[in-house]
Structures are given as structure tokens and as C-alpha cells.
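Each of the two chains sits in its own frame; use the hints to bring them together as a complex.
Now for the letters of each chain:
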Amino acid sequence: MSSITNTSNTQTLQKYISLDQGGKVQAEYIWIDGDSGLRSKTTTLDFKPTDVSELKEWNFDGSSTNQAPGDNSDVLLKPVAIFKDPFRGGDNILVLNECYNNDGTPNRTNYRYSCAKVMKAYADAKPWFGIEQEYTLFDMNGSVLGWPIGGFPGPQGPYYCSIGANVAFGRDVVEAHYRACLYAGINISGVNAEVMPGQWEFQVGPCEGIDMGDHLWVARYLLQRVAEDFGIVVSFHPKPIKGDWNGAGCHTNYSTKAMREEGGIKAIHDAIDKMAARHMEHIAVYGEDNDQRLTGKHETGHISQFSYGVANRGASIRIPRHVAAEGKGYLEDRRPASNIDAYRVTQVIVESSLA
Amino acid sequence: DNSDILLRPVAIFKDPFRGGDNILVLAECYNNDGTPNRTNYRHSCVKIMSAHSEAKPWFGIEQEYTLFDMDGQVLGWPKGGFPGPQGPYYCSVGANVAFGRDVVEAHYRACLYSGVNISGVNGEVMPGQWEYQVGPCEGIDMGDHLWVSRYLLQRVAEDFGIVVSFHPKPIKGDWNGAGCHTNYSTEAMRIDGGIKAIHDAIDRMSKRHAEHIAVYGEDNDKRLTGRHETGHISEFSYGVANRGASIRIPRHVAAQGYGYFEDRRPASNIDPYR
Numbered sequence: 001m002s003s004i005t006n007t008s009n010t011q012t013l014q015k016y017i018s019l020d021q022g023g024k025v026q027a028e029y030i031w032i033d034g035d036s037g038l039r040s041k042t043t044t045l046d047f048k049p050t051d052v053s054e055l056k057e058w059n060f061d062g063s064s065t066n067q068a069p070g071d072n073s074d075v076l077l078k079p080v081a082i083f084k085d086p087f088r089g090g091d092n093i094l095v096l097n098e099c100y101n102n103d104g105t106p107n108r109t110n111y112r113y114s115c116a117k118v119m120k121a122y123a124d125a126k127p128w129f130g131i132e133q134e135y136t137l138f139d140m141n142g143s144v145l146g147w148p149i150g151g152f153p154g155p156q157g158p159y160y161c162s163i164g165a166n167v168a169f170g171r172d173v174v175e176a177h178y179r180a181c182l183y184a185g186i187n188i189s190g191v192n193a194e195v196m197p198g199q200w201e202f203q204v205g206p207c208e209g210i211d212m213g214d215h216l217w218v219a220r221y222l223l224q225r226v227a228e229d230f231g232i233v234v235s236f237h238p239k240p241i242k243g244d245w246n247g248a249g250c251h252t253n254y255s256t257k258a259m260r261e262e263g264g265i266k267a268i269h270d271a272i273d274k275m276a277a278r279h280m281e282h283i284a285v286y287g288e289d290n291d292q293r294l295t296g297k298h299e300t301g302h303i304s305q306f307s308y309g310v311a312n313r314g315a316s317i318r319i320p321r322h323v324a325a326e327g328k329g330y331l332e333d334r335r336p337a338s339n340i341d342a343y344r345v346t347q348v349i350v351e352s353s354l355a
Numbered sequence: 001d002n003s004d005i006l007l008r009p010v011a012i013f014k015d016p017f018r019g020g021d022n023i024l025v026l027a028e029c030y031n032n033d034g035t036p037n038r039t040n041y042r043h044s045c046v047k048i049m050s051a052h053s054e055a056k057p058w059f060g061i062e063q064e065y066t067l068f069d070m071d072g073q074v075l076g077w078p079k080g081g082f083p084g085p086q087g088p089y090y091c092s093v094g095a096n097v098a099f100g101r102d103v104v105e106a107h108y109r110a111c112l113y114s115g116v117n118i119s120g121v122n123g124e125v126m127p128g129q130w131e132y133q134v135g136p137c138e139g140i141d142m143g144d145h146l147w148v149s150r151y152l153l154q155r156v157a158e159d160f161g162i163v164v165s166f167h168p169k170p171i172k173g174d175w176n177g178a179g180c181h182t183n184y185s186t187e188a189m190r191i192d193g194g195i196k197a198i199h200d201a202i203d204r205m206s207k208r209h210a211e212h213i214a215v216y217g218e219d220n221d222k223r224l225t226g227r228h229e230t231g232h233i234s235e236f237s238y239g240v241a242n243r244g245a246s247i248r249i250p251r252h253v254a255a256q257g258y259g260y261f262e263d264r265r266p267a268s269n270i271d272p273y274r
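Chains as they are written, first to last, in the UniProt record's numbering: chain A, 1 to 355; chain B, 1 to 274.
If we strip away everything but chain B, and leave its shape as in the complex, we get (with noise of 0.2 Å):
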């Protein structure tokens, strides 16, 4: 009985479907009152970017996904059944291991175009699952290109006649999950000696562990187990190279002494806002 949302403008975006000067554009919702939405995240983000801005927090999102045909059947497995185990996946090449790369190349085409900061591509370790990265982005920018990305996904597939899934966990068994790594760095992390903003930072979130969690998506239950290159949802670790962990310095970044850090928590079907 009072339906009528606002849609506010933030971003725009070239469209990589209909070219020419079309345009996507990105929006914040409101309530005919002012107030921002229930799920407007966008609208609180803007105000803690706006405070820290100094401290330049860049990002980078890992997003994970699945691709499914559509009668139901993850893409490219057997009707009914599975496919051979976890292997021969990861990165791999050719047409029994890597299922809806035609997805996998317009979406990023669609990315370029359009102005979406993709970074990279890759097949991920579980068949018909695979991963692209957005970022560096500074602030806001994070989330609303990730949205962004997502919606060309989506509409990519589409035109396939393919189905994505951002579920964190989309067939039980000894299955990966998907994830949305979240890699973080603040300008104090990223100068000479910046390790020490880095751990700084890891202990300060070690004694939120819950508070992230609550925001790092719905059923993530089912994807931390501490299988699967996951730390368990219950318990807060962290390592230098180390995937089973929750938080995980990279290498090169614990061997130069600076640089970022990346929170595996986050699942798959996170809102990058929160």
C-alpha cells in the first residue's frame, strides 16, 4: 500500500549490450520518506569511505561463481550424476574440464568495455565453477563495481541460455565452495614496512571474527569448514601462504615486508557494501 521506491543514480557504466552511447547506471534506493532502503548498504558504506578516506583502503574481490544449464544440472556434468573428482579443473583447458568458457570471455569483454575494473580470470577447482577478479578499487568504488560486474555476469549469461549461482555452496560432497576473497591494503600497508599495519590491522579483526561473519554471507556455513581450502567459520586463524586459513598474507608480501593481506571469509554471495 506504498510501494513507490527512489531510485537514486551513483554510477554510470558504458553498456556492452546495446554499445553505441547507451549507458547502465547504478543506483541507490530510498524510501518515499528519505530514509535510506532496507537493503540501500551503499548508503552507510559512503560514510565510513568518506571518513577513512585518507587512509586510501583499496580493494580487491575475488568473486567465485557457478554456472548452471537450464534443466538444473551444474554446466557440463552429467545428467544426474557427477563428473571425476577435483583435479584436472583448476586453470584447465579443453572441452572436458572447462564448462561455459564462452561465458567466461563475454563477461569479460563486457567488463572491459563498459569500464568495470576487471582484473583477471580464471577456472576454478570445482567444474562449471569459476572465479574473476575486480579491483584494485579504492572505497566505494569496490562495491559499486562489483555489483556492477555481477549484473553483466547475469545478463552475459543470459544470452547463453546459462544460469549463474552465487551460492556459496552449491553441491554438497567434497565439492569446492565459492568464495568472494576479499583483498584489502590501506597506504600504510602498502609503503616500506607496512607489515606492521597489516598484522595491526589482523589483530584488530581477529576480535571481531563474529561481526565480519554475520556480514560475509548467508549459508557460509556450509562452505567454511575447514575443507576445501577454508578455516572453519568458528575459529579466526590466520598464516603467511596458507589457504586454510581466514586471513592469509601472501608471500611476496610477507617476504617484501609490505603490501595487503586477503580475508578468505567472505562468501560468494556477499553485498561488498557491508
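Isolated chain A, as found in the complex (with noise of 0.2 Å):
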């Protein structure tokens, strides 16, 4: 079988991207699609903008991308966020959208929409989030990457925020996409090798209300595409191998104003009760195929059993030990899967513990 490759000839791009614009400015407008995908599209704007409502709203043809029928297609993508492009520089951008149906009705996977209006209803509350997103990289011929042609490499146990060339496979595209993160604006706060080798983390937050979606979301599209220029696919499948092999979640850390402040461990208990009585609401929301995740083995709690625990990693939610010391901080809910819609699950959390 021979061997596929995709790798970006920079050098001779270089050439090109390096070339003055003409006072045009390129705005990549992001979108998310029908099956949790990402898809973009470019267009040439000869101004600066400053601010979103500056931005055109525009459409495209959603028939292509699962959101609308062949003989209805136009769906509008409407302006919520900027941020600056690292793989273009200079002034150009990309802008993160909502999308709707040409009824002026959110389109069918727009959660932004109703997760806005949560986040506004309970403004006051501070709600913070902090996601950790784990995700695999495959090679381009469907192996996870670095392991042997049809095998597996070593057990767990050496990879964990590990160095060096036989336990650490892909460091470029981890490197590149932090850098990539933290010039276009996107909170991005750390970054680990992961358990399962070809697996990696990285976390972004602490973000405020509905800035958690937004940047959640475009750290995916960052990471996506970056890759793409190392002919590297990644997955956000929350079980791409079974057997003996962690699982890829997107563990959600969050908290209160309440919860941050003095006595704040009572409202975090408070939280906990309430969302333990929601659990198969907070699963429905918690990601596709994560019963293949959350088997209550490999650092998960099973998928049909609520649980909690300082320091507890196999729970549902765990408290961290300096939260529990300090009697102020915030909560961890491991439950969500790597595959999640971001603000579907950070709306839920707010629903369940503020309502």
C-alpha cells in the first residue's frame, strides 16, 4: 500500500504570502456545520474591520454541508467573533459565525444561539469555564500516528507528558497550534502530552459565558488546520481505539463568582446536588459515542452512574484537593467527551446549577 502525503510546501508559499495585499484585507468566515464540523470560506474585504458589526453577513450553500435541502439551500452565516490569522498575518482575520435559516431561524445546529441567552440570563453569576481538550493524530494513511504499520506500540505508561522521539509523536503540531492559539487572541492555557501515545491535551480558559464556545470551537479550527499543513489528520473522537487505550474527552472545569469567593466550597456542593439530578440530561449533551468512553475504567466514571470526589479522577465530578482546602474554587465534570459542542455543554452546566 503506498504511502499518501499532504504536507504544505512552505518555502514556496512563502513567496507568495509575503507579497503586499494592496490595502485588501482576506476574512475567513468559520462556520460549524450539520455533523460538528468545522468549514470556512474566504472573502476580500477593503477595509480594516475593527468590530464584528462591521462584518457582511453572508451565506452558503448548506445543502453541501448537511444543514439545508438541495432545492433550499442558502444559509446565512452571521458575524460573532474575530479573531487574528495566524496562517495569513498581517491585517486578515477570521470570523467565527452563527448560522440561520433563511426564515431568520437558527439553523438546526446553531447552540450558540440559545447558549447566548442562557449566558445572558445568568450574567450576574460570572459563570467561568475552563475545557481541556484531548485529541488524537492520525497519519494520512489511518494509523494513529507514530504507531507501527498495522500494531501498537508499548502500553501506557511512559506517554504522559513524556519526551523524546519514541513516546512523543507529533510535538510540531502541538507547537505550532499553541503559538498559532496565542496569536490569533484564542485563551489558550497549557498544553500535555497525553496517557495514550499520539494523544495530546490542550485547555483553554478561563473564558467567561459564551467566549468559552467561541474559543473552544476555534482552537478546534486552528488545530484542525494547522495540521493540515503537516499532512496530519486530527480526531476529537472521544474512543478512536479499543481495548486497553484512554478515551479523548474535554474535561469542563467551572465555576461561579459565588464558588470563587469565601465559603464558595458551599456553593459548589450546591451545584454538584443539582446536577447529579440532571445526569441524563448533561449525557445527552456530553458528546456521541462516549459510552464507549466512559466504561468507569481508564480515568472515567461509568457512563449511567452519577458520582463525585475530592481528587477522585474516576468520578463524575471531581473537587480539586487545594479547592476542597481552601473551601473556595471550582469543580471539574470529567463526564464530557472530546467531542462535545461547547456550548451545548457549557449552557447545560449553567442551566442545571443556576435554574
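In case anyone wonders, no lab produced these hints; they're calculated from the structure.
Since this is a predicted model, take the numbers as computed values, not measurements.
A portion of the hints provided could be inaccurate.
Claimed, not checked - Using 30 Å as the maximum straight-line C-alpha spacing, the simulated DSS-like pairs for lysine-lysine come out as follows:
| # | chain 1 | residue 1 | chain 2 | residue 2 |
| --- | --- | --- | --- | --- |
| 1 | A | Lys78 | A | Lys126 |
| 2 | A | Lys15 | B | Lys14 |
| 3 | B | Lys196 | B | Lys56 |
| 4 | A | Lys41 | B | Lys14 |
| 5 | A | Lys56 | B | Lys196 |
| 6 | B | Lys207 | B | Lys222 |
| 7 | A | Lys328 | A | Lys266 |
| 8 | A | Lys126 | A | Lys274 |
| 9 | A | Lys257 | A | Lys328 |
| 10 | A | Lys41 | B | Lys172 |
| 11 | A | Lys266 | A | Lys242 |
| 12 | B | Lys47 | B | Lys14 |
| 13 | B | Lys56 | B | Lys207 |
| 14 | B | Lys14 | A | Lys48 |
| 15 | A | Lys48 | B | Lys47 |
| 16 | A | Lys41 | B | Lys207 |
| 17 | A | Lys84 | A | Lys120 |
| 18 | B | Lys222 | B | Lys79 |
| 19 | A | Lys126 | A | Lys266 |
| 20 | A | Lys257 | A | Lys120 |
| 21 | A | Lys15 | A | Lys78 |
| 22 | A | Lys126 | A | Lys257 |
| 23 | B | Lys47 | B | Lys196 |
| 24 | B | Lys207 | B | Lys79 |
| 25 | B | Lys222 | A | Lys41 |
| 26 | A | Lys78 | A | Lys120 |
| 27 | A | Lys126 | A | Lys297 |
| 28 | A | Lys84 | A | Lys56 |
| 29 | A | Lys242 | A | Lys274 |
| 30 | A | Lys257 | A | Lys297 |
| 31 | A | Lys274 | A | Lys120 |
| 32 | A | Lys84 | B | Lys14 |
| 33 | A | Lys56 | B | Lys56 |
| 34 | A | Lys78 | B | Lys222 |
| 35 | A | Lys41 | B | Lys79 |
| 36 | B | Lys196 | B | Lys207 |
As the list claims (entries may be wrong) - Going by beta-carbon spacing under 7 Å, a handful of chain A positions derived as facing chain B:
| # | residue |
| --- | --- |
| 37 | Asn6 |
| 38 | Thr12 |
| 39 | Tyr16 |
| 40 | Lys24 |
All C-beta atoms in this analysis are idealised placements derived from N, C-alpha and C, irrespective of residue type, glycine included.
Structure, rendered in C-alpha cells:
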């Protein structure tokens, strides 16, 4: 079987990327499609926008992205956030959008719409989030990056936060992505290699309210686009390899102003109680195929049971030890899978804990 | 035995490959008896645009194209085989779905630098297929800018060792073809109530369907099948937001009562002057 490659020819590309743009600005419009994937296309502007309100509404062929039928296919793009473009540099921008049907209603997978309403309603609680996005890298032939062709590497143990060519696979992508996020304005707070070889994690946050969803979605876009340059494929599937291999999650750290103040541990326990009563409503939006990951093994709690504990990585919700010690802080919901829609997750957490 | 053809410069653009003060010069071809060369379609196009300049005709063309590697396979496709079916590729991001972005990015910048009025790009439905848009251009500029943008695309791809095809149906089967959807408006269509002028134009165009098809590209019958977001080559149709019709009126145009319309019949290999 021949090997497929799709790597960027950066040296040749540089000749063109350094050309003057004659005052024009490129705006990459990004949106979430009908299958929780990311799509984008570019438009030329003849000015440099400083605010989202200056950007035009656009549209695209929703029948090609599982968002509309072919005989009525226009889906509208409404800009909601601007980030700097790390691929094109200069004044060029990335624009995150919400999708609307042409009757004005939010498109089927536009979960940001209702999330924004909920965040607005509870703005006084100042809900902060930090999400730990795990992901797995694959080569162009469909193997996990760095794994032997048609086989498996040695068992988990040496890979978590590791260094070395035989244990850390794909660091180029991780490093490039980190810088791309910092440049773009994404609030990336850290990275680490994960337990399964070829698996990594980055954290985004703390972000308040609707920002969490915006920043995480754009961070995913940057990751896939950066990996594309290296000819490497990103998977957000929560259990990419069956067997004694970790799954991938989106542990979601959460706090409100009340939790962060002195004595906030009471508000934390209060929120946990309320969330415990709605376990199934949460699980419903915590990711497709999450049942393959939340088995009760590999540092997860079983999908059918709610549990919590201090410093317990086998529970649904973990209270970090230092939070228990100080009597205030935040909680970590370990149930969400790596393929969640962050708008749905942050919305349900706020609704459950504050309603 | 009579081979000299004359080149008459008609437009200048900045040269993105050589930089500095270097230029690209688009030229019309003339026979040495002074008559326009056989394929010099710009000559008569200029006359028409001149005659109707007060209508201020604007165009925007969506040029689709397919990239091939030096072995004759669509770029990114497995050797001797096919990728997974269409669905994940349109406007996609990721190494397993987007093939040839380097060429697209470099071309975009080359056009911006040279002065070609490129208004956007996107990944297309078939993997290895892309689109860029040129416009709005008034009158003769549309043909000039589109032809030079094609030159830039082929020359940029050359740098990457990648081949560009403008064939309207490069791969048979359940794979999209490539078009040059042509957006069009006159001043009358762009002002309030312009939807009437739009419908009027569509009526007139519907009566000359065969005359249009005759210049809408070779092998277009392989592309306009009625499937893959096209209307069948033998039938004229139009509709609001309907990508299966010959002419589509964008929904926002129908809503606001003025604007432009999109002729979806032209193939990727058209001569925009014609």
C-alpha cells in the first residue's frame, strides 16, 4: 500500500504570502456544520474591521454541509467574533459565525444561539469555564501517528507528558497550534501530552459565558488547519482505539462568582447536587459515542452513574484537592467527551446549577 | 506559411512572480491583415460593452477548477482509486479533506498583489476541487481579470509542481463537475424595485437558451446533467435559492426586491468574453 502525503510546501508558499495585499484584507468565515465539523471560506474586504458589527452577513450552500435541502439551500452566516489569522498574518482575520435559516430561525446545529441567551440571563453569576480538549493525531494512512504500521506501541505508562522521539508523536503540531492560538487571541492556557501515545491535550480558559464556546471552536479550527500543514489528521473521537487505551475527553472546569469567594465550597456542593439530579440531561449533550469512553476504567466514571469526590479521577465530577482545602474555587466535570459542542455543554451546566 | 500574429496590449497588472516594477501585459491577437484573430473574442465583446455601457453591467464569476498531480491523478486522491464520497470536502479544513491549499493561498495573494479583483475562495464539493471568485467587474474588465487570474493560477501551481484543469467534468461518476457560475446585474437591477429588471432579463435569456449554451463551454453536456447541483443542459429553468436551476435568484435578492442573479450554466472552461 503506498503512502499518502499532503504536506504544505511552506518555502514556496512564503514567496506569495509575503506579497503586498494592496490594502485588501482577507476574512476567513468559519462556521459549524450539520455534523459538528468546521467549515470555512474566504472573502476579500477593502477595509480592516475593528468590530464584528462592521462585517457583512454572508451565506453558503447548506445542502453541501448537511444543513439545508438542495432546493432551498442558502444558509446565512452572521459574524459573532473576530480573531487574528495566524496563517495569513498581517491584517487578515478569522471570523466565527452563527448559522441561520433563511426564515430567520437559527439553523439546526446553531447551538450558540440558545447558549448566548442563557449566558446573558445568568451573567450576574459570572460563570467561568476552562475546557481540557484532548485529541488524537493520525497519519494520512489512517494509523495513529507514530504507531507501528498494522500494530500497536508498548502499553500506556511512558507517554503522559513525555519527551523523546519514541514516546512523543506529533509535537510539531502541538507547538505550532499553541503559537497559532496565542497569536489569534485564543485564550489557550496550556498543553500536555496525554496517556495514550499520539494523544495530546490543550486547555482553553478561563473564559466567561459565551466566550468558552467561541474560543474552543476556533481553537479546534486552528488545530485542524495547523495539522493540515503537516499532513497530519486530527480526530476528536472519544474512543479512537478500542482496548486498553485511554479515550479522549473535554473535562470542563466550572465556577461562578459565588464559588470563587470565601466559603464558596457551599455553592460548589449546591451546584453538584443540582447537576446530579440531571445526570441524563447532561449525558445527552456530552458527546456522541461517549458510552465507549465512560466505562468506569481509564480514569472515567461509568456513563450510567453519577458520582463525585475530592481528587477522584474516577468520578463524574472531581473537586480538586486544593479547592477542598481552601474552601472555595471550582469543580471539574469529567463526563464531557472530546467531541462535544461546547455551547451545549456550557449551557446545560449553567442551567442545571443556577436555575 | 503566414504565421505572424500581432499582440496588441490591452491591460497591465503587477507581476507577483518577479516583483518590483515588473508587469504582466494582457494582449489581444490580430492577424497581419488587421482583422481580429479567430479566437480573439475580446474584440467583439468590447464593442458590445461599449454600446451598453450606460446600463453599467457588472459581473462576478465563480471559477471552479480541479488540481492534479504530475502523475495524472486528482491531487490527494489515492493512487488508482477514489477517496470517500462527497460530503466532508466543501469548505473543509484538515489534511484528509483539503488537498492543495498552498496553491489556493498563493494564488489569492498573487491576485491581490497584481490587481486582479479576486473577491474570495472556497474549497469545493469534490475533493481536490477549489473555487475563487473574481468581481464585481464592469464590462470588459470581467474577461480581462478572469483570464489573467487563470494565468496566475496555472503559473502559481507550476511552482508547486501541481497541474490545474479547467475541464467541466474531470471525473465521471458521482463527482461534481466544475463551473463558472456567472453573477450579473445592471444598474436597473441594483436599484430599488430592480427585481422587475431581473425577471425581465431572465425572460429574455430563457428564449435564447441554445444560443447561450453554445458559448457556455465545451463538454458542458457532461456536467449539466440535472444532478450534482446543475440543471439539465436541454432545459431552461430558474428559481429563488434553487441550485438545481439554470438561473438562481439568491434569496436575499428576492427578499429585498433588487440585486443580481446567478447564471449557473457556464462551465469552468468558458471564454468569459463570449
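Here is what the structure says about each hint:
Restraint check: the Cα-Cα separation between lysine 78 of chain A and lysine 126 of chain A comes to about 26 Å, which is no more than 30 Å; the hinted pair holds. Our distance criterion of 30 Å between C-alpha atoms is met by lysine 15 of chain A and lysine 14 of chain B, whose separation comes to about 15 Å. With a CA separation close to 17 Å, the supplied pair lysine 196 of chain B and lysine 56 of chain B stays within the 30 Å bound. The straight-line distance between the Cα atoms of lysine 41 of chain A and lysine 14 of chain B is roughly 26 Å, inside the 30 Å bound, and the hint therefore holds.
Simply put, lysine 56 of chain A and lysine 196 of chain B have alpha-carbon atoms about 25 Å apart, close enough for the 30 Å limit, and the pair holds. The straight-line distance between the Cα atoms of lysine 207 of chain B and lysine 222 of chain B is roughly 23 Å, inside the 30 Å bound, and the hint therefore holds. Under the criterion of a C-alpha separation no larger than 30 Å, the hint pairing lysine 328 of chain A with lysine 266 of chain A is consistent with the structure, at around 8 Å. At roughly 18 Å between alpha-carbon atoms, lysine 126 of chain A and lysine 274 of chain A fall within 30 Å of each other, so this suggested pair holds.
Proximity of lysine 257 of chain A to lysine 328 of chain A is assessed by CA-CA distance (about 10 Å); at most 30 Å being required, the pair is judged to hold. The straight-line distance between the Cα atoms of lysine 41 of chain A and lysine 172 of chain B is roughly 26 Å, inside the 30 Å bound, and the hint therefore holds. Between lysine 266 of chain A and lysine 242 of chain A the CA atoms are separated by roughly 39 Å; this puts the pair beyond 30 Å, and the hint is violated. Distance check on the hinted pair: lysine 47 of chain B and lysine 14 of chain B sit about 26 Å apart at the alpha-carbon level, within 30 Å; holds.
Straight-line distance between C-alpha atoms of lysine 56 of chain B and lysine 207 of chain B comes to about 23 Å, which keeps the hinted pair within the 30 Å bound. As the CA atoms of lysine 14 of chain B and lysine 48 of chain A are separated by approximately 23 Å, the hinted pair is consistent with the 30 Å bound. Simply put, lysine 48 of chain A and lysine 47 of chain B have alpha-carbon atoms about 38 Å apart, too far for the 30 Å limit, and the pair is violated. Our distance criterion of 30 Å between C-alpha atoms is broken by lysine 41 of chain A and lysine 207 of chain B, whose separation comes to about 35 Å.
The hinted pair formed by lysine 84 of chain A and lysine 120 of chain A meets the criterion: a straight-line CA distance of about 26 Å does not exceed 30 Å. For a cut-off of 30 Å, the pair hint linking lysine 222 of chain B to lysine 79 of chain B stands: about 24 Å separates their Cα positions. Restraint check for lysine 126 of chain A and lysine 266 of chain A: satisfied, since their Cα atoms lie roughly 17 Å apart, inside the 30 Å limit. Annotation: proposed proximity of lysine 257 of chain A to lysine 120 of chain A holds, straight-line Cα distance about 15 Å (limit 30 Å).
Straight-line distance between C-alpha atoms of lysine 15 of chain A and lysine 78 of chain A comes to about 33 Å, which puts the hinted pair past the 30 Å bound. Restraint check: the Cα-Cα separation between lysine 126 of chain A and lysine 257 of chain A comes to about 6 Å, which is no more than 30 Å; the hinted pair holds. With a C-alpha separation of about 27 Å, the suggested pairing of lysine 47 of chain B with lysine 196 of chain B holds against the 30 Å cut-off. Proposed proximity of lysine 207 of chain B and lysine 79 of chain B is contradicted: the alpha carbons are some 46 Å apart, above 30 Å.
The hinted pair formed by lysine 222 of chain B and lysine 41 of chain A meets the criterion: a straight-line CA distance of about 27 Å does not exceed 30 Å. Between lysine 78 of chain A and lysine 120 of chain A, the direct Cα distance comes to roughly 19 Å. Compliance with the 30 Å bound is thereby established for this hinted pair. With a CA separation close to 34 Å, the supplied pair lysine 126 of chain A and lysine 297 of chain A exceeds the 30 Å bound. Proximity of lysine 84 of chain A to lysine 56 of chain A is assessed by CA-CA distance (about 17 Å); at most 30 Å being required, the pair is judged to hold.
For the hint linking lysine 242 of chain A to lysine 274 of chain A, the alpha-carbon distance of about 33 Å lies beyond 30 Å, and the restraint is violated. Annotation: proposed proximity of lysine 257 of chain A to lysine 297 of chain A is violated, straight-line Cα distance about 33 Å (limit 30 Å). Restraint check: the Cα-Cα separation between lysine 274 of chain A and lysine 120 of chain A comes to about 20 Å, which is no more than 30 Å; the hinted pair holds. Between lysine 84 of chain A and lysine 14 of chain B the alpha-carbon distance is near 28 Å, which keeps this suggested pair within the 30 Å criterion.
Between lysine 56 of chain A and lysine 56 of chain B, the direct Cα distance comes to roughly 24 Å. Compliance with the 30 Å bound is thereby established for this hinted pair. For a cut-off of 30 Å, the pair hint linking lysine 78 of chain A to lysine 222 of chain B is broken: about 36 Å separates their Cα positions. Simply put, lysine 41 of chain A and lysine 79 of chain B have alpha-carbon atoms about 28 Å apart, close enough for the 30 Å limit, and the pair holds. For the suggested pair lysine 196 of chain B and lysine 207 of chain B, the alpha carbons sit about 17 Å apart, so the restraint of at most 30 Å is met.
The criterion of a C-beta within 7 Å of any C-beta in chain B is met by asparagine 6 of chain A, whose closest approach is roughly 5 Å, and the hint holds. With a least beta-carbon distance of about 5 Å to chain B, the hint placing threonine 12 of chain A at the interface is held under the 7 Å criterion. Hint status for tyrosine 16 of chain A relative to chain B: holds, with the closest Cβ pair at about 4 Å, below 7 Å. Satisfaction of the interface hint for lysine 24 of chain A is found here, the shortest Cβ-Cβ separation to chain B being roughly 5 Å, below the 7 Å cut-off.
Hint violations for this structure: numbers 11, 15, 16, 21, 24, 27, 29, 30, 34, all remaining hints satisfied.
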